[in-house]
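Enquirer: Take a look at the letters that make up each chain.
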Amino acid sequence: MIHYAFRLAWSNLRRTQNVTLPFFLASTVTVFLHFLIMTMMFNPHVPEIRGGATLAFIFQLGVFVITTFAILFMISIHQMLLKKRKKELGLYTILGMEKKHISLILFWENAIQTTASLALGLILGFVGGQLMWMILLRMLNSPDGLPYTFSLTALICTTVVFLGLFIVTTAVSLFQIHRINPIELLHSEKQADKPVRFLAVKTGIGVIVLGIAYAIALLTNNMFTALMVFFFDCLLVIFATSILFESGITFFLRWLKKRRSFYYKPNNFVAVSMLSHRIRRNAASLTTICILSTMLLVTMGGSAALFFGEDNALSESNPDDLTYTLTGELTSSKQDELAAVAQQLAAENNVVLEDVQIYSYADAYSKLQDNVLSPFVTSDYLVGLRSAVIDYGYDVFLIQADTYRRISGQTAKLQEDEILILTGNEQVQLSDLTIQGKTYAVQDIRRDTPFSCRKYNNGGGTNTSNSSELLFLVFADEASLMSVQDYLQEGEWESNTRIGVNYAGTLEDRTAFYEAFNQKVRALDAPVRYATCLDYDRQEFRSMYGGLLFVGVFFSVLFLTATVLIIYFKQISEAMDDREQYLILQKVGMDEQEVSATINRQVILVFFLPLITALLHTGFAMPLMQTLLVALKLTNPVFTYTCVSICAILFTIFYLIFYRMTSQIIKKEVAF
Amino acid sequence: MELLRAENIQKVYNTRAGGKPCRALAGVSFSVEAGEFVAIMGASGSGKSTLLNILATLDMPTSGEVYLEGKSMKLVKGKNLAAFRREKLGFVFQDFNLLDTFTVRDNILLPLVLSRTPLAEMQRRLKPVVDRLGIEALLEHYPVEISGGEKQRTAVARAVITQPRLILADEPTGALDSRSSQQLLSIFDQLNKQGQTLLMVTHSSLAASHAQRVLFIRDGKLFAELCRGDQSQQVFYDRITASLSMATRQGEERL
Chain A
1 MIHYAFRLAW SNLRRTQNVT LPFFLASTVT VFLHFLIMTM MFNPHVPEIR GGATLAFIFQ
61 LGVFVITTFA ILFMISIHQM LLKKRKKELG LYTILGMEKK HISLILFWEN AIQTTASLAL
121 GLILGFVGGQ LMWMILLRML NSPDGLPYTF SLTALICTTV VFLGLFIVTT AVSLFQIHRI
181 NPIELLHSEK QADKPVRFLA VKTGIGVIVL GIAYAIALLT NNMFTALMVF FFDCLLVIFA
241 TSILFESGIT FFLRWLKKRR SFYYKPNNFV AVSMLSHRIR RNAASLTTIC ILSTMLLVTM
301 GGSAALFFGE DNALSESNPD DLTYTLTGEL TSSKQDELAA VAQQLAAENN VVLEDVQIYS
361 YADAYSKLQD NVLSPFVTSD YLVGLRSAVI DYGYDVFLIQ ADTYRRISGQ TAKLQEDEIL
421 ILTGNEQVQL SDLTIQGKTY AVQDIRRDTP FSCRKYNNGG GTNTSNSSEL LFLVFADEAS
481 LMSVQDYLQE GEWESNTRIG VNYAGTLEDR TAFYEAFNQK VRALDAPVRY ATCLDYDRQE
541 FRSMYGGLLF VGVFFSVLFL TATVLIIYFK QISEAMDDRE QYLILQKVGM DEQEVSATIN
601 RQVILVFFLP LITALLHTGF AMPLMQTLLV ALKLTNPVFT YTCVSICAIL FTIFYLIFYR
661 MTSQIIKKEV AF
Chain W
1 MELLRAENIQ KVYNTRAGGK PCRALAGVSF SVEAGEFVAI MGASGSGKST LLNILATLDM
61 PTSGEVYLEG KSMKLVKGKN LAAFRREKLG FVFQDFNLLD TFTVRDNILL PLVLSRTPLA
121 EMQRRLKPVV DRLGIEALLE HYPVEISGGE KQRTAVARAV ITQPRLILAD EPTGALDSRS
181 SQQLLSIFDQ LNKQGQTLLM VTHSSLAASH AQRVLFIRDG KLFAELCRGD QSQQVFYDRI
241 TASLSMATRQ GEERL
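Line by line, the protein sequences are chains A and W.
According to the working numbering, the stretch in the first sequence is residues 1 to 672, in order.
According to the working numbering, the stretch in the second sequence is residues 1 to 255, in order.
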């Protein structure tokens, strides 16, 4: 019997190859991706890559997501396929097979599928892994020569995961076989879905929930809240999508049916009826397709934006090639000394010194509301979804007129109650400024001073011109500065020194200069509180974003495989279900053209409703995404939106091609 | 007036590569007058369903021709065939062939919708048809919710609503209980009395006894014809069964 069951299982798989083959391919791809990322994770050379620690974390995250997704995906596809086969299994029982025989057949089928896809996936993973490793190193701008190593642990992990899945899915199948009775099996497909109840209420709830979700995405303006609400917002969107796809489509179809002049047209007539007939099943799969597409677009767009936005992110955090923030002030003789040291080291290391900027200042993170400047208190951080950090927060640098004159070489004659504002932020437009009840006249706002215009960005600090939160206030003398400092720093009395150095040369010379200069700075009395080095950060960024893009592409391939498979199965199984109906229609007098028009109408809904919804979701997710990306220093929204839009266009093109392909298959399936 | 004429129809099915071709119809000729109710009887495999499919333009004869109102059906091509089928012919099938996705109302209206009939016209035609068939109360139900007899009456309604020249019925009582069968046959009688031409394929003598003329088919050939004339249905029924048993005997002897 075992042998016989095996033969039967094998012939079943071959007979239904338009279902088994895509499933086999999809599981192979899943195994392949899983094994690949496992191997990467266990590669002992990852820490040797610069930024390897970040990369390792990204890989761990990737493994977690892929494993979770693989489990959910495989089990649900399995369930779906089993449901489709109930009729066939019922027939076996009637032909006299016992349940244990059917179980044996199902066991073998599953075993053959699993073994084949596991073997092929692992082989592909091993071969493709080498290539992927090279691509990864290239993306990370890493030195070549770090070897790709085969990992037995990875092999075992992947095998365990997929064998586990095999056991679970087989167990589920067997359990279902034992629960069913044959008569029920034979008729299980005929029933129409139960009508959706509480239609208006459900549609209303769906619209409201979606509105809330979108509103949250649009209103959140800071990454703290964004991080907190992101997951919750995703759940809201999924919930709203599923409820709207079910009740919303029903609502819409019923409305169409009521419009008799529309409904009683040949093509609409059949398409509308068929769609409302299995509205629930439709809704479930449309939701899945939509959510998967959205996930794909967000992942792909986000990681692409990060990777290709590297320069943007770099210039955000690195206004100069090299910057230091020292705690405490540096006397002017020390400042001159350091500038001379820089000159000397530059000459020694063959780099051209472009600019050395050293000045002391007092800074305080403050709140500028209208024209009143006040200290920033903790309770200001979060007000609902919005944070005052984004709306009113400014990093205020207090400097004396002397410093201004020395650095900019420009004159500034200020009275005791006059100030000068230096900022790259175009939105700051003040004629007077009130601090602690005292109103200062703003003599001028200067936007192109060496304070805010640095080599790599126009904000001088952490943000680009339009959103720069860096604000320099120039005071007449030390006395007037100190009273403001006392107020804004709330009595902490802290002064800092900023050093900014720019230089040109080959990477090796630059690195040598940086190392030599760094030693000198670290040897100063004033301790270094914060430092940035462009060359160094570039490598860090590349490693992190390259890793993210790598994993992002992984996820996208995974999501795409799942989306394609679900759409394909949905189409093919419906085509089979509908075959009989179309035959009747043709007997009663529908011509081929009308049949194909009807099919097109249905297919269009299945394809384009989720696509359009996914694009809409992605559109609303973009601001939230952008807010999160700010945490990773990607502050240019236009760039992010462009990246996501390009991904969306590419995805849509792919989707259209796939649409053409499947509608051909369906037409073949229902041919008279 | 002659409505339908079949001339020497042959149908040969080519079995799979290398197999012997199978002859389902070996030259069948007959004609149907307008207003007639004709039954074609035969055992399973006698070729009667093939014949009906050819008359219905669902299948093409290997040779021979079918004329409807003197016009050869061969001349009706491709796209027009569907419209032709829809407008000139009405179908009643053994397994009803109703669409599960439509309500009874929409099932009945289907051919009219396909012909792009105006809404008002559809409403106007629907009313008398459903009244006559007694399915008015079922209009909003789905096929899964109604009985076999009701399904078949729905199918009849769908067939007559286009006011076809000819109604083709393929074993219409095959899936019905005796009461529903009786009901359906009396509906056919009634339709016929109103001038509707009917052609029914059946192996039930009772069903055939409602016709005015019965053609017997065996091994792809017509071999006998009975006319009811002025006889009652009961007498005609007895004659049909007698002919059948004789035919069966002959058939066995030949073997």
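Possibly wrong hints are sitting among the right ones.
With the C-beta cut set under 10 Å, the calculated list includes, among others, these residues of chain A facing chain W [to be verified]: (1) Tyr263; (2) Lys265; (3) Pro266; (4) Val270; (5) Glu580; (6) Gln586; (7) Met590; (8) Glu592; (9) Glu594; (10) Ser596.
Since the hints were made in silico from the structure, they are not lab data.
Don't be surprised by glycine CBs; every beta carbon is placed ideally from N, CA and C.
Enquirer: What are the numbers of the hints that this structure violates, sorted from low to high?
Expert: Result: hint 10 breaks, nothing else.
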